[in-house]
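Go ahead and model the full structure; you've got the sequences and the hints to work with.
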Amino acid sequence: MSTTDTPNMTGPAPVPDNYLTYSRGIWSWLFTLDHKRIGLMYLMSVLGSFFIGGIMALLVRTQLLVPEGLIMDQDQYNQVFTLHGAIMVFLVIIPSVPAALGNFVLPIMLGAKDVAFPRLNLFSYWLWMTGALMFVLALFTGGLDTGWTFYTPYSIDTGSAMGGVIPALTGAFVLGFSSIFTGMNFIVTIHRLRPPGMTWFRMPLFLWAIYGTAIIQVLATPVLGITLALLVVERAFGIGIFNPALGGDPVLYQHFFWFYSHPAVYIMILPGMGIISDLIAVHSHRHIFGYSFIAWSSISIAIFSFLVWGHHMFTSGQSELVSVVFSLITFSVAIPSAVKVFNWLATMYKGTISWNTPMLYGMGFIFIFTIGGLTGLHLGTLGTDIHLHDTYFVVAHFHYVMMGSALIAFIGGIHHWWPKMTGRMYNENWGRIAFSLVFIGFNLTFFSQFMLGSQGMPRRYGTYPADAGFQFYHVLSTAGSYILAIGFFITAGYLIQSLLGGRRAPSNPWGGRSLEWQCTSPPPHDNFSEAPAVGDCYDFSVLRWDENEQGYVWRDDVAHPGSEDVS
Amino acid sequence: MADNHEHGAVGHIVPIKMLVGICAVLLFLTALTVWVSKLNFDTVNIGEANILIAMGVATVKATLVCLIFMHLKWDRPFISFFFLASVLFVLLFVSFALMDTHANAPAIIPGNSTVIQQKLDALDASAQAAHASGEVSDGQAAHGDHAEDAPAHDAAAH
Amino acid sequence: MMSLLMTLAAAAPYKEATFWMPESASTVAPQVDGLFDFINIICYIFFVLVVAALIYFAVKYRQRAGQNTFEGGPTHNLALEITWTAIPSVIVIVMFVLGMQTFLDLRTAPSNSYDVSVTAQKWSWTFQHPAYAVTEAAELTVPVNRPVRLLMSSQDVLHSLFIPAFRVKQDIVPGRYTSLWFEATKPGTYQLYCTEYCGKDHSKMLATVHVLEWDEFQTRLGKLAREYEDIPESQLPAYAINRLYNRCASCHSLDGTTGTGPSFKGMWDRTQQGTTVFTDGSTLKQLQASGAEYEIPENYIRASLVQPQRHVVQGFTGAMPSFQGQLKERQIDAIVLMMKHLDTLVDADGNIIENPDLGGDEEAPVEQQEGSTK
Amino acid sequence: MYGQAKEHDHDHDHPDFLGHHWESPTQQFEAGKFGMWLFLTTEVLLFGGLFCAYTVWRSNHPELFRYGSQFLDTFWGATNTAVLLISSMTMAMAVTYAARGKTKAVIICLLLTLMGAAGFMAIKYVEYNHKFHEGFYPGLAFYEEPNASHLWQPLDETAVAHLAHDKTMDMDESNLLHAEALVRAELPEAPAEAVTWNKAVAGPGPGGLTTSHEQEQLAEFTAFLPEAFLGDNEDIAGELEFADGHAPGEAPHMAHPLQDPVRPVNAQKFFTIYFMMTGLHGIHVVLGGFMIIWLLYRTIRGEFSREYYTPIDLGGLYWHVVDLIWIFLFPLFYLI
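Protein chains in written order, with my numbering: chain A, 189 to 755; chain B, 1254 to 1411; chain C, 75 to 448; chain D, 4 to 339.
Hints in this document: simulated from the structure, not taken from any laboratory. Here a beta-carbon is modelled for each residue, glycine too, at the ideal position from N, C-alpha and C. Please note that a few of the clues may not be correct.
Unchecked claim - Selected chain B positions facing chain D (in silico; Cβ < 8 angstroms):
#  : residue
1  : Cys1276
2  : Ile1304
3  : Ala1315
4  : Lys1326
5  : Phe1342
6  : Val1343
7  : Phe1346
8  : Ala1350
9  : Met1352
10 : Ala1358
What the hints assert, rightly or not - To be clear about the criterion: a stretch of chain B counts as covered by chain D if any three or more of its residues have a C-beta under 8 angstroms from a C-beta of chain D, and this derived list gives those stretches:
#  : region
11 : 1264-1271
12 : 1331-1341
13 : 1363-1374
Pasting the structure below:
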């Protein structure tokens, strides 16, 4: 039954008919309905945006080397940090894992030929591109200096905020719908396109995470849509919903905004957790510990994520009672995250851990996410949040979660699936070197910001008092950011090098059991010509390393799934 | 999976008679709710009762549309569950926002905002100027006259 | 736990900055710091456990050469998983309760508090003491060991008042009043920040909090209340540049650089000659004549302070708020005089000269000018 | 809708309309339907934001809604509800006929639905036009129209007209003029002489708190107003903002009637939310209209069959949600 396994044995030789060579020419890419190509296009676009957002970050860090600001004036600084935030949130982190990696991996992992609605999928991609172009347009129509949160009344005050606000809002609106359509596609795919044998609790945990994410995308993003639409109308015509000058309520805007944007935090981190669940298991070659706890924690995080938005507003003038309720619920969301960390550790226990680049990113994730998660406690606690809110402590916390966790997981995922996507292996040694730089650089950059914040340095400051003792930490942080940047440049270097001259990848370089490792690398156009046989995707005892293949193959003494355990 | 009553169909088929019947019920409910809103509840606090009745009727109507017109009655329960979840999230959102805005109502600075007050003052000034100079220009002058005539006008009404 | 925090509060009214926290100089600060340390300890414990396990497992169970097949291993352990779900749950509930108590203490001002009304506007702070009819700009003077309540409102956009040493912070929302309170425990000078992003000069929207002993405080405010009345005319320009200009500084430079508003350098010349051009293309000259809007050039400056949107200078957005009610008549006079004598008050680079030589001969024109406008 | 044959499809038992990744038409149909329902939940949440704004304002400022809703015409609202309900029925009928493969009946039903959409928009146009003509704009424009009748109509006239209108609805009094006379007869004597509704030009600005003196004046004033107009007096008293008026007996101030205390502060907010909600709904109706035209085109081309009518079914679901939202908008604005 499992015919897909047989051609894998051909070893690392060029795969004649894969999705990359299936059809040629730029149009065959731009209008492709193949989820793998769409995923790859997303990946390139997201990485492009990441580069731009990263440059902005370096500018911000360089500016803050000296108290009076090194390279920019106030207006420029405000624009740069706004664009850094907006690009990283809307164009990089939100689409990174679900749209780029998810699109590529999800149908193959599931054993489907494509996502449920391939045209809608392509449409999402073009919506994303439109949204990205709107951000570019925002740059040319006067810039954007509102912060990525577009807080009213500053953002609707045409006298103060810059002219690019409406294009940027429209862009974020369009990006929101791109995200909604991706989420819809994934939910329907997971519900309706599972092949026989792929029961809910046989799905790899990455799929559970993506499923949870998709639910949030579908249920939360529309509220952002209406919020941004109202903001556009408010700014253009002055209707007075959020503008206090016309009887509106700026705190109501914050409710609207965070009702989406807090769940959005989990749109960013949940898929990252999903990647890590799979990375840790595959590279430890050990069955994931507590599968159902991790799966349900993804779903409960998705649901709880809707109930905690008010913790962004403890000092905003929100009423005491509401703040207290939100604080209580906020703590409940900490539990599933903690459970995941413990389960990952337990998975490593008595495993066979290969120290290759994806696993290093996996372990780096656990380290960084632990710090990111634990400092969330300081911020969820009402009494301490009052002091820490809107300081660098918050900046450090969400960079630990958004960048150190979500993006590190994304980069780990890229390394994990790179052989599958491109059919090439990258240089492991350079991978480890780059990881070390990224890890050290990251912690240097952002750990120093915890102290900055608790010492009282407010966020979004282009200059700071010289006598408050902030400069030492700023210098540390900036130095760290340079190291981080070097790490990323090296990563880009060896990944590009692998495309040109990397060793050909075997079907299963890491020893994964989920279905994507049953396809060739790169996979064929249709993924599976027949519905694949599904086994326990975390039972690695049936695989062995094959020296000729330079990858993992099925053990000769164990029966293939399909002959024994298809339900 | 929908149970197909008619052979070969991919989805459930709702008979035409049932659709017409449901539509008639919906129209009747619309008429009812309009009639109720025009009733004069002398003894009841009309505002409260009317809101409850109107929203109750609307919910019944919406449920009928969902169940029959939209085939939810014959569809997978997960769809109903998901749809209801979205309504629930809206309610949740509204209730938290309400809790907060209610508690904060006393802190709102009363009166017109500066911007609106300036508009009103400007209109006032122009109305007075128009009145003083006796200039006859459409609404402004009409207004000026009106304000002056108001008492006389009321007296005349009796 | 809470009582322990309370004891800490009583025992240590003032503490120097630690590795994590800045100096602590208010009654709630020790409570907040205690809570912060409590959470920190929990974090250290969990962090060390997780990272130790991570490194130990990663090294101990690393894949060795020739290790080409793998064991199955346990897939779950319900008791263990329930344990590590339950323990953090209990811990976070404790944290929540402690946090809530501290929060409510932070929010509930004692009834005998001393009230200050705060006006935030882009990008300056104004503090008004109703009890003394004193208005301070960019400086807040408060008594030590007495609860102080700030009643805050915003003229334009969101701002947020943050005094790290007191561990207090509250957003200021246009269209409504918000408040916060603190009780300083040590006389001294503390930094006050705006922590809600409010546009261009957000990071310059700073102020200083002066905590004084009660006697000193009374003396100081009494002096402030009469300050501008008692100053001789000849010293008014110096008073303006030292005491009032800080409210203008975020927009109007002294060295000729264009900020959010036009520089004060040369402003008097432009005003006197009427060369200022407005957004509608008209010039100040047209408005200056006997019987016209501004009979004397000084009146234009006065009007600009009270009704800044009346005539917006070309090239600017008219972002200036009105200072009506915030500046007394004599203070406005002082600002006009400051502009007239700007060249003697600041050096070529725009730095304020400590003791400017205003000379006695200035007395006469001042008098004359005063007379002509009253 | 999404299930058309792909560029490269070599399965023989795959009909044209079936996507290469589907096993059977039923699987594809169900997936399409599920996808559409997910999209409809996003629509619910999209409107949810506006419902939230509505609820928050209504519960904090009921006076805005009491003031504003009197300018809406229940008759047109109810008619529009009926139009949408009937078009919803014809849409559901189109789905039934499509499932039975009766193409002609489908075309007729779709045409009827399209007429419903057009009729709805026509009535909306009339209503909007009337509002704009009277100067009921959302936002600041509410105060900018110099000739807007509502700005210049003094209170008593407005009150009389609306009370009269209410009477015609309440007591089967079909003659509006007669009703108006009745109302006038019920009016208290010369209310405008005793207390003016005009606000002095130099009031204590927006920052000023209502003084007890003003409260007294307010109570004095409301005592003169017809009960029916104010509804619950105590309720209103807390909500109205009132600044220094002139002393009783003094000549009424030549002030703008907009500043009369019965027109609530931020009166424009009712029209803001009204135009936002009905406007967004209107956009959905228009989009639905285009969708029906597209469905008609494909039906006439004979693209649908008993096995494949997914687009009609999904289009129907969308149209019903448009109806569903109006079912709530109608009572929220016109009835309560």
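Comparing the hints with the structure gives:
1. Cys1276: holds (4 angstroms)
2. Ile1304: Hint on isoleucine 1304 (chain B): holds, closest Cβ of chain D at ~5 angstroms, below 8 angstroms.
3. Ala1315: At about 5 angstroms, which falls below the 8 angstroms cut-off, the nearest Cβ of chain D leaves the hint on alanine 1315 (chain B) intact, so it holds.
4. Lys1326: violated (13 angstroms)
5. Phe1342: holds (7 angstroms)
6. Val1343: holds (3 angstroms)
7. Phe1346: OK, holds: phenylalanine 1346 (chain B) within 8 angstroms of chain D, min 6 angstroms.
8. Ala1350: Check passed: Cβ of alanine 1350 (chain B) comes within 5 angstroms of chain D, closer than 8 angstroms.
9. Met1352: violated (10 angstroms)
10. Ala1358: Result: holds, 6 angstroms to nearest chain D Cβ.
11. 1264-1271: holds (count 5)
12. 1331-1341: holds (count 6)
13. 1363-1374: holds (count 11)
Comparing the model with each numbered hint stated earlier shows that hints 4 and 9 do not hold.
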